[in-house]
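K.L.:
Sequence:
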Amino acid sequence: MKKILLSISLLMSVTTAAQAEGNSSHLDRVIQKGSLNVCTTGDYKPYTYLRADGKYEGIDIAMAESLAASLGVKVNWVPTTWKTMMADMTSNRCDIAMGGISVTLPRQQKAWFANVLDKDGKIPFVRCENVKKFQTVQQLNKPATRLIEPAGGTNEAFVHAYLPDAHLTLSHDNLAIFQMLVDKKADVMVTDASEALFQQKHYPKLCAVNPDKPLQFGEKAYLLPKDDISWKMYVDQWLHLSKANGDYQKIMGQWLAKQS
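Note that the sequence shown covers residues -20 to -1, 1 to 240 in mature numbering (1 follows the signal peptide of the UniProt record, and there is no 0).
These are computed hints drawn from the structure, not numbers from a lab.
A couple of the hints might just be wrong.
Quick list of the computed label-pair ranges, beta carbon to beta carbon [unchecked claim]: (1) Pro86 / Asp216: 33 to 39 Å; (2) Lys35 / Asp8: 17 to 23 Å; (3) Lys193 / Gln88: 34 to 40 Å; (4) Lys54 / Glu109: 23 to 29 Å; (5) Asn121 / Gln89: 34 to 40 Å; (6) Thr149 / Lys181: 22 to 28 Å; (7) Arg126 / Ser50: 41 to 47 Å; (8) Gly14 / Asp163: 31 to 37 Å; (9) Asn95 / Gly52: 21 to 27 Å; (10) Asn95 / Asp145: 18 to 24 Å.
Values in this document were obtained by computation on a predicted structure and should not be read as measured data.
Ideal Cβ placement from N, Cα and C applies to all residues, glycine included.
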């Protein structure tokens, strides 16, 4: 308990010092300007998806709208990519980044995370006839294995760290990868179990491999600007209440049911 109180005290000291230098909290700025800048990639179903008509949809899109409503402001969508998300956050373009974001230590070094949303983990996503062929790191880490991953995200980082011998192709269109797997232009996508389980409903020839036993443990959370405890505490409290009163579960259930 003493360690927790000390940590909170240190965080509040950082925020107080920043505000003393003239930097108000994002909480105050969002309310004052009447809008919430939400960075999102728009390419990661079921969390965030930019439709052809220019509108976003998904679990975290609905949650962003809920957060904005709790503040009495509107959402200002800020398009980003997995490769540029951290630069957008550190350059103050985002009040928050949302859309299936994995918690990692490199990200934590440059920004903060809100409380964890859900557990997740990296698994192979393959054509169903290849499920037995691609189950382990040892099976995947071969020159003959044709991996395809979105550029700049945690999938690419996983491949560089654990599958250096496999043949890697990077794609700048995350949503095109699944059809490329179907068309046998690649063999494996290592991705989060949540994405694989969702996408296999829409691509019957593709299968999530051992979704309950991921190759790497993972968690998802919303990304926040560093050193702003007032804003983090507000987002954490909003999220806690959203889960406690069932709003978060309702949004997940409604969106997934609609898309299944």
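K.L.:
Would you list, in rising numerical order, the hints stated earlier that this structure does not obey?
P.N.:
1, 2, 3, 4, 5, 8 and 10
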